[in-house]
Amino acid sequence: MATELLPDQKAAQAPLPVASAASIPTACPVCGASNIVFLLSAPDRFHLRTVTYDLLRCQSCTLVWQKNPPSLAEIGEHYGKDYHQTITASADSSKDRWTLQNKTIARYKPGGRLLDLGCSAGAFLSTMKGPSWKLFGIEISPEEARHARERAGAEVFVGDIFDAPFEPASFDVITSFDVLEHLYQPKRVLRQVFSWLKPGGIYYVAVPNVESWEARLFKSYWYGLEMPRHLFMYSPKSLRKLATDSGFSELLCSTPPASYAENSIYYLWGEFLKSISRTPTPLSHAQGPGLIANFVRKGLRFTLRNPYRLAASWAGAGPALEMVFQKPEALR
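According to our numbering, the residues represented by the sequence shown are 4 to 335, in order.
Read the hints as simulated data drawn from the structure, not as lab findings. Careful, some of the hints might be misleading.
As the list claims (entries may be wrong) - Simulated crosslink set (DSS-like; lysine-lysine; CA at most 25 angstroms straight-line): (1) 70 - 201; (2) 277 - 222; (3) 240 - 137; (4) 201 - 106; (5) 201 - 84; (6) 277 - 137; (7) 84 - 112; (8) 112 - 137; (9) 98 - 84; (10) 112 - 222; (11) 98 - 112; (12) 277 - 240; (13) 190 - 132; (14) 240 - 222; (15) 132 - 201; (16) 201 - 190; (17) 84 - 106; (18) 98 - 70; (19) 132 - 106.
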């Protein structure tokens, strides 16, 4: 017998209006190549909604993007409180969550002015708090921005990136962790970042890696797709092309140990439940595992997931892609 849906689960499964149709573009939005192919279709699996979205792939630079994404006026309907809570929980998942990022920044810059794009509740900014750094953020949510100010002591602008009032050559470091894939105009964003950086300043960007082993294995069930919130999906090749065309030089490319496999398997499990006339629980409403299930999960993480994460990272095929780019020094 099918499980009765809660009212908010019924709402989550209700189809949202389909974005207005548009013709398939004739050129890649990053490299301009015309050899574009259809990749796959996928719905919003996080909320268990039914509208599907088509992904296109550039065979030259490997960029992947949505053919007809929701409009800017519609996209807010695809986030919601549950999504923001999940993002905040991920940012605070452990005391070591930002250790690697802190060390990477310290390798290139000992201090200065740092701007975090899409700073959310300030989890990352709070780890940089100290006398060496003057912290800034940009955040679309007023509530999240308030938390970031309180938590990190940062100056946070609420609104769109292109409306932020910062002067050119204002920052030594600009960061965007799991943000660039949500933005409609990546070329314009990179030009803005380039303008805001001081000569010699660095841009540290993290995005899901669409060329990862997990993306190839799970295909439309890969958690990193996050349809329709992720408008663009990057690989090292496409992100490198985007940044270097904006004037940056590359300092670092890595896929640190990470895995989205558990959530991807959850999506596959939900598909199995539907095949036997059971109603799956959206990931947005999923509860933590029980005591025994949690014990089993920890065992699988230790024996399978952790070795896999290290192997994928070593091979450059991990699901999380991090790159550091530098604005050239001023001419002397």
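Which numbered hints are broken by the structure, listed smallest first? Result: hints 1, 3, 5, 6, 7, 10, 12, 13, 17, 18 break, sorted rising.
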